[in-house]
Amino acid sequence: MNQKYIYSLIAVLALFLIAYVGSEAAGLQILFGIILPYLAIIAFLGGFIVRILDWAGSSVPFAIPTTCGQQKSLPWIKPNAIDNPTSTGAVVLRMFFEIVFFRSLFRNTRMGISNGSRVFYKWEIFLWIGSLAFHYSFLTVILRHLRFFIEPVPSAIILLENIDSFFKLEFITHIFQIGLPGFYLSGLILLAAVTYLFLRRIFIPQVKYISLAADFFPLFLIFGIAFSGILMRYVIKVDITAVKELTMGFITFHPVVPKEGISGIFYVHLFFVAILLAYFPFSKLMHMAGVFLSPTRNMANNTRAVRHINPWNYPVPVHTYEEYEDEFREKMIDAGLPVDKMPDEKPEEITADQKKEGKE
Amino acid sequence: MSDELLKPDELFAKIDHRPPKTDWMSTPVQIRKGMYCYASNYKSVEYLGLPNARPWNPLDDDWKLPENWQEIIHQGFKERLEKFRSFKIFMDICVRCGACADKCHFFIGTGDPKNMPVIRAELLRSVYRNDFTRMGKILGKIGGARPMGLDVLKEWWYYMFQCTECRRCSVFCPYGIDTAEITIMGRELLNLIGLNIDWIATPVANCYRTGNHLGIQPHAFKGMLDFFVEDVEDLSGINVEPVYNKKGADILFITPSGDVFADPGTYTCMGYLILFHYLKEKYGLDITWSTYASEGGNFGFFTSHETMKRLNAKMYMEAKRLGVKWILGGECGHMWRVINQYMDTVNGPADFLEEPVSPITGTKFENAKSTKMVHIAEFTADLIKHDKLDLDPGRNDNLKVTYHDSCNPARGMGLLEEPRYIIKKVCNNFYEMPANTIREQTFCCGGGAGLNAGEDMELRMAGGLPRANAVKYVHDKYGVNVLSCICAVDRAVFPALMEYWVPEVEVYGMHELVANALILPGEKRTTDLRGEPLPGMEDKADE
Chain B
483 MNQKYIYSLI AVLALFLIAY VGSEAAGLQI LFGIILPYLA IIAFLGGFIV
533 RILDWAGSSV PFAIPTTCGQ QKSLPWIKPN AIDNPTSTGA VVLRMFFEIV
583 FFRSLFRNTR MGISNGSRVF YKWEIFLWIG SLAFHYSFLT VILRHLRFFI
633 EPVPSAIILL ENIDSFFKLE FITHIFQIGL PGFYLSGLIL LAAVTYLFLR
683 RIFIPQVKYI SLAADFFPLF LIFGIAFSGI LMRYVIKVDI TAVKELTMGF
733 ITFHPVVPKE GISGIFYVHL FFVAILLAYF PFSKLMHMAG VFLSPTRNMA
783 NNTRAVRHIN PWNYPVPVHT YEEYEDEFRE KMIDAGLPVD KMPDEKPEEI
833 TADQKKEGKE
Chain F
8 MSDELLKPDE LFAKIDHRPP KTDWMSTPVQ IRKGMYCYAS NYKSVEYLGL
58 PNARPWNPLD DDWKLPENWQ EIIHQGFKER LEKFRSFKIF MDICVRCGAC
108 ADKCHFFIGT GDPKNMPVIR AELLRSVYRN DFTRMGKILG KIGGARPMGL
158 DVLKEWWYYM FQCTECRRCS VFCPYGIDTA EITIMGRELL NLIGLNIDWI
208 ATPVANCYRT GNHLGIQPHA FKGMLDFFVE DVEDLSGINV EPVYNKKGAD
258 ILFITPSGDV FADPGTYTCM GYLILFHYLK EKYGLDITWS TYASEGGNFG
308 FFTSHETMKR LNAKMYMEAK RLGVKWILGG ECGHMWRVIN QYMDTVNGPA
358 DFLEEPVSPI TGTKFENAKS TKMVHIAEFT ADLIKHDKLD LDPGRNDNLK
408 VTYHDSCNPA RGMGLLEEPR YIIKKVCNNF YEMPANTIRE QTFCCGGGAG
458 LNAGEDMELR MAGGLPRANA VKYVHDKYGV NVLSCICAVD RAVFPALMEY
508 WVPEVEVYGM HELVANALIL PGEKRTTDLR GEPLPGMEDK ADE
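Going down the list, the protein sequences come from chains B and F. Using my numbering, read the first sequence as starting at 483 and increasing by one per residue. Using my numbering, read the second sequence as starting at 8 and increasing by one per residue.
Careful: at least some of the hints might be erroneous.
In silico SDA-like pairs for lysine to any residue, Cα to Cα no more than 25 Å straight-line [unchecked claim]:
1) F/253 with B/800
2) F/254 with F/328
3) F/148 with B/787
4) F/327 with B/821
5) F/332 with B/787
6) F/371 with B/558
7) F/28 with B/593
8) B/823 with B/803
9) F/85 with F/199
10) F/395 with B/557
11) F/371 with B/688
Counterexamples of contact, computed for chain F against chain B with all Cβ distances above 12 Å [to be verified]:
12) 68
13) 79
14) 370
Hints listed in this document are in silico derivations from the structure and should not be mistaken for laboratory results. In this text, a Cβ means the ideal position worked out from N, Cα and C, and glycines have one as well.
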């Protein structure tokens with residue numbers, strides 16, 4: 483069991499060494515600062531698009547929403563428009579709640595057994611909280627990083643930074659130099675959430691049992707990204723002006739590598755991000771896009787009112803009423819059941835008998 | 008019930024949810040008696056013209072597979088990835104968060120980790136990664152990939168037939184991954200090389216030939232309903248003579264044949280007869296039964312989409328032949344998943360029918376205007392709302408009733424309030440089971456999707472445990488003695504399940520409760536449909 487996360491951990495440590503040694507000792511700043519990030523972005527965008535097109539290329543033959551509430555039927559019965567949507571607008575709402583608030587995960591329960599005879603189910607909120615914390619802190623971190631790619635820095639990002647560092651901890655601002663912005667909560671939450679998601683894969687027996695190396699790798703990688711970022715900000719200072727010179731050059735396609743002021747840890751940070759981007763389209767991380775296409779969530783439960791078309795619907799062999807009556811006509815007549823053809827109209831009886839023999 | 012079955016407390020004590028020491032990929036499948044259903048009878052497979060008809064036994068090493076079976080599975084997999092976006096997405100995006108793990112009744116009842124929905128899907132996903140993804144090819148086992156082999160195939164077969172396609176896990180999945188969809192695909196693939204179970208294959212063949220799963224021929228079908236007519240006449244003095252195969256009737260009625268065949272479904276069937284007779288006498292309802300389309304259920308759905316379509320076709324073909332206006336469907340679970348989410352798509356458009364309107368209340372069933380098929384719970388709820396039924400709920404006062412939401416009407420339709428409305432109007436004592444076990448979170452009876460055979464009784468008792476345990480809760484707390492339901496498979500499965508876990512609880516179909524309460528003009532009734540004295544009639548019933 484352990485080997486699954488050991489492999490992933492080793493992989494991430496190896497990536498760390500490659501980037502650190504490569505940039506510090508081997509002087510490959512151009513490779514790690516420019517070439518690999520560009521390649522990673524190409525892999526990410528290309529892979530992402532190919533993946534979406536691949537999914538979109540598969541048909542949606544049936545409308546199979548999972549209904550999680552009352553259907554729309556009789557006018558005096560109140561339907562649950564969001565969990566059992568019948569219109570496009572309601573489907574959009576359902577998707578909104580699913581994607582923005584992880585509504586299905588919010589329902590999560592934990593099963594247990596008490597007194598050896600009663601099965602009970604308890605509301606289990608921690609995975610939902612952990613996931614929300616993880617995704618939203620990550621999003622905040624990403625948005626904050628836009629300041630490195632836009633000049634002048636838009637006021638929206640400055641506002642976000644101010645909110646993110648709203649809880650300024652006095653002792654932290656004392657320990658670190660004056661002029662350093664407040665501690666970003668998002669980085670801390672991201673680190674904590676990743677740690678939580680890792681620990682539950684180690685300590686909850688069932689989750690441990692189902693986890694693959696591919697579940698640990700992104701966690702370690704994101705941990706590495708967050709940790710190296712926090713290090714650079716609060717401990718091993720990097721020259722922000724030099725970093726911005728690099729990032730602005732990168733985004734404007736005039737890449738430059740500043741001569742000094744950027745330590746190896748920056749290249750580690752950047753390399754981890756590049757790996758994450760390149761890995762993204764080929765991994766489970768594509769759930770980010772896939773959730774939009776999930777047929778059990780993005781379809782309306784109105785298939786009795788509006789016909790859903792299957793693009794590859796094809797004719798199938800059926801057992802017709804005529805064949806049925808041919809086989810059972812005598813018995814039907816004896817039982818007083820109406821028939822379409824009376825026996826005296828037939829030379830069919832022979833065929834029917836042959837058919838019967840052939841089939842039995 | 009089989010003698011070898013453990014006692015309930017022994018079975019319960021045996022459940023261990025701690026995963027084994029060995030990784031699931033390195034834990035070989037053991038096909039165990041009591042947990043699987045017998046192999047499909049080759050005659051049934053042959054009759055339907057499905058692949059690889061031959062006698063075989065799951066316990067044998069040799070499953071008599073076609074030589075190129077791996078190629079067939081690989082091609083079948085590929086084809087389905089292209090034809091079903093659901094399948095492809097569900098193969099790709101699972102993050103193994105584990106939210107589904109303890110939502111499955113089979114996992115709760117067996118503790119077998121391969122019954123966690125996520126691993127059930129991983130059984131297929133591991134092969135998918137190996138065969139269809141670059142990452143899987145490069146990383147192999149460490150990337151969660153493994154090549155197809157006989158062991159994998161046997162594992163697929165064992166666990167695809169330990170899933171009842173109930174969709175409970177999909178309610179909790181943050182991406183809506185639906186294990187029913189995975190199981191449907193898995194079973195389609197298995198059927199490509201002739202690996203079905205007989206409890207599915209033979210009903211399907213029967214249904215194809217005689218119009219119903221039980222293979223009841225037309226004259227016998229009528230004969231069986233005639234028995235009910237006699238029974239109803241005995242207990243009420245009213246002749247409820249039904250009409251068969253009538254051309255030009257207003258409405259065609261289709262319900263599962265299980266209710267024609269075995270108790271306690273038979274009482275539900277008598278309930279329909281009584282209701283229709285009442286409506287005919289009072290309001291001139293013109294409704295016909297069909298011997299050709301004499302099955303509402305569709306075990307083809309548990310075989311492949313194509314087989315589902317082949318069986319379902321009868322409903323529209325018969326409606327067209329008889330020239331009815333619309334179709335009324337009886338109480339059934341998966342039947343309604345098929346009707347609600349598949350029928351119009353596969354066999355529509357039903358442009359030869361009219362948009363359904365209740366001939367009695369004038370209510371337009373807008374929600375069924377395209378399929379032209381109405382659920383009897385919708386139909387009856389509308390009747391009661393418009394005060395068209397003369398009901399005496401006091402006649403059910405000896406019953407303390409709870410209600411089981413069938414998986415498919417709950418999670419593939421959303422039919423939650425209609426049955427509750429009806430039951431509360433015909434019964435004075437109604438109690439809900441705990442919130443996490445009803446409505447969209449309802450638990451399977453343990454025998455859905457074709458698993459209600461006799462030989463897999465341990466599987467059924469284990470899978471039915473969460474449901475039975477919730478019934479036991481209301482039984483202990485409120486003295487509930489009736490488990491009501493709107494599904495024929497439920498009515499076939501629950502009696503054994505209740506006898507095993509909560510012996511004091513009886514199983515009732517909803518329309519049995521309706522018919523108990525329904526006052527027929529001119530009737531002389533002292534007993535309910537089961538011949539038990541009505542409350543307050545204990546003395547008279549003996550006479």
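To see whether the hints hold, each was checked on the structure:
1. F/253 with B/800: holds, 22 Å
2. F/254 with F/328: holds, 8 Å
3. F/148 with B/787: violated, 47 Å
4. F/327 with B/821: Within the cut-off at roughly 15 Å; holds.
5. F/332 with B/787: Distance of about 16 Å is within 25 Å: holds.
6. F/371 with B/558: With a Cα-Cα distance of about 13 Å, the restraint between residue 371 of chain F and residue 558 of chain B holds, given a limit of 25 Å.
7. F/28 with B/593: Holds, because 22 Å separates the two Cα atoms, which is no more than 25 Å.
8. B/823 with B/803: holds, 11 Å
9. F/85 with F/199: With Cα atoms ~13 Å apart, residue 85 of chain F and residue 199 of chain F stay inside 25 Å; holds.
10. F/395 with B/557: holds, 17 Å
11. F/371 with B/688: Given that 25 Å is the threshold and the Cα spacing comes to 50 Å, the pair is violated.
12. 68: For residue 68 of chain F, whose nearest Cβ neighbour in chain B is about 29 Å away, the distance exceeds 12 Å, so it holds.
13. 79: Per Cβ check, residue 79 of chain F is outside 12 Å of chain B; nearest 19 Å; holds.
14. 370: violated, 7 Å
Checked against the numbered hints above, the structure violates hints 3, 11 and 14; every other hint is satisfied.
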